[in-house]
Amino acid sequence: MITNKQAAATTAPNEDAPLENGEAVETPVQRKRRAVDDTAIKWLAAVLVVAILVGTIATPDAAAGAIGTARTFVTEYFTWFFVLFSVLALAICAWLAFGRYGRVRLGGAGARPDYSKFAWYSMLYACGQGIGLIFWSVAEPIMLKEESPLFTGVDAGVAQDGSMAWSYFHWGLTAWAMYCIVAICLAYSHYNLGRKLTFRDAVVDFFPVKSRRSIGVVVEVLAILACVLGLATSFGFATLQFTFGLTSFTPITGGMPVWIAVVVVFAALTAVSVYFGISKGMKRISELNSILSIVLVGAVLLFGPAVYLLSSVLQTFGVYFQNFLAMSLWSESDVAGAGMDSWQDSWNGWWTVFIWCWVIAFSAFVGPFIARISRGRTIREFVVGVTVIPSVIVMVWIGVLGGAAHFYDNANDGAISGQIAESTESGLFAMLDFVPVVGTVLMVVSTVLVATYYITSLDSGVHALSGFVASAKSPSRWFRVLLVGAIASVTVALLVLGGVSVIGTVQTGTIIGAFPLAFILIIMVLNFIKRLRSSATRTAPPAPPALDVSLDGKEPPAPELVASDGGAHLN
1 MITNKQAAAT TAPNEDAPLE NGEAVETPVQ RKRRAVDDTA IKWLAAVLVV AILVGTIATP
61 DAAAGAIGTA RTFVTEYFTW FFVLFSVLAL AICAWLAFGR YGRVRLGGAG ARPDYSKFAW
121 YSMLYACGQG IGLIFWSVAE PIMLKEESPL FTGVDAGVAQ DGSMAWSYFH WGLTAWAMYC
181 IVAICLAYSH YNLGRKLTFR DAVVDFFPVK SRRSIGVVVE VLAILACVLG LATSFGFATL
241 QFTFGLTSFT PITGGMPVWI AVVVVFAALT AVSVYFGISK GMKRISELNS ILSIVLVGAV
301 LLFGPAVYLL SSVLQTFGVY FQNFLAMSLW SESDVAGAGM DSWQDSWNGW WTVFIWCWVI
361 AFSAFVGPFI ARISRGRTIR EFVVGVTVIP SVIVMVWIGV LGGAAHFYDN ANDGAISGQI
421 AESTESGLFA MLDFVPVVGT VLMVVSTVLV ATYYITSLDS GVHALSGFVA SAKSPSRWFR
481 VLLVGAIASV TVALLVLGGV SVIGTVQTGT IIGAFPLAFI LIIMVLNFIK RLRSSATRTA
541 PPAPPALDVS LDGKEPPAPE LVASDGGAHL N
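Numbering of the sequence shown is given in full-length UniProt numbering, commencing with residue 1 and proceeding in unit increments.
Fair warning: there could be bad hints in the mix.
[Claimed, not checked] With a straight-line Cα cutoff of 20 angstroms, these simulated DMTMM-like cross-link-like pairs (lysine to aspartate or glutamate) come out: (1) 117 with 334; (2) 210 with 38; (3) 117 with 341; (4) 280 with 114; (5) 210 with 37.
It is worth saying that the hints were derived from the structure and are not from the lab.
Construct the complete structure from the given sequences, taking the supplied hints into account.
Below, the structure is given as structure tokens:
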């Protein structure tokens, strides 16, 4: 008869097992079972992706209706849940950064970072929010100018500041905290416990032994669906935005042939990047992104209304910090009490809840990639680097570009607002058209940034995805190239067979699918805390004998938590 302990040994590596090349040594039985699970995950995910795409393309109205109903359900009954989830993510990050585990080093006491801080920050920003911010850094402040909770019924200037504060809130600290908790769970599991860099390996030992394999398959399939569909639909919208930028300074006319050509070029460039790996591919493109982003923001500030922008950035930062707690807990109790016929009845349904779902869904590939590039950082350094630094960059980006959009929109009778109402992807380019002297040059820079930021997003997603579907062995370069081709094919199929509306439907469905994923993340965080405490307890030396505190009139020194290869221990 197999005992529970023996069964556990056949399903997951022992966390006390020795490490080989940084990973826990698996028995032949464990390796065989993992290979079987990988195959099941790969085929189940592929079948579900095809089924979702075929169903959505074949019956677009029915699919849109079903997803709209699901969105209404989530918004009406679980707005409070997503608000609470985001606040708890912030609290956990604060606890890790300022608590006793902050000195634990990912990879053990002797591990050192693989990348410089500039390269690390560049890759964090590129995989996390680069392409989204290009799309929304102008559109959101303009769209929220007339409809910002906590700032309605006041004069236009205060409402405008409120739109900036909400934009900082949606793209800043809270969003990055949610990415951070996913990434730290995966990084600690991989680098300190020797587990594979997958969601199932960060979750399953929280459950009873007999259910771990089946739960692991379900968890991994959900993560893969979020990756594939999220990347493919984002690919579609990045293609549309790139095409819009291209047509703004060239005689090229947008349309299906141009869209397909853009997808093919993006895919080819991404394939080259993933083939050469992170250090020679993703890292270099991310550093280029950072340099071009600095050029863009600096030029808008220098050639635009500099005095106004500097004043606006400071003022709106103050509004953001002053109202941060109220925005963090805003859950529309009046709407929740009255009920709603559609998610469109709720401001949160349009904005905060939708964006938090977006972040959770995208954490399926952003989290693993951040974990992959963060070996050698202490937990404190990791949390600060993943939350504070990108948030400051985001706020400066939105403060300058969004502030310039407000300035030019007010000075030109709502010209930018009008263009955004017709096409949200036009926002940044509409604003740059008003920047004197260098406006056209900045349109070119922005169009290049759309391409490079999406390439880095797809690159990071493919690295995560390849680990999910082939965790039993290290994925080859050509396998990652194949995944790029598969995602590009899904994007082309959506564009050709379904069009922009179907892409929007699938993307919304993917984002609403973050609802079950959020519960998995909660379990993953609880398991991480359990592992962290268990590691500290397991490696702690016996308590020293009681000392006579009267000696020399001094108290004995307090124990100190330090990092070790297995996690943390007390000295």
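The hints, checked one at a time:
With a C-alpha separation of about 45 angstroms, the suggested pair residue 117 and residue 334 falls outside the 20 angstroms cut-off, and the hint is violated. A distance of roughly 18 angstroms separates the Cα atoms of residue 210 and residue 38; the hinted pair therefore holds under the 20 angstroms criterion. Straight-line distance between C-alpha atoms of residue 117 and residue 341 comes to about 49 angstroms, which puts the hinted pair past the 20 angstroms bound. In summary, the hint linking residue 280 to residue 114 is supported, as the alpha carbons are separated by about 13 angstroms, within the 20 angstroms threshold.
Restraint check for residue 210 and residue 37: the C-alpha separation of about 14 angstroms stays at or below 20 angstroms, so the hint holds.
Taken one by one, the earlier hints fail for this structure at numbers 1 and 3, listed in ascending order.
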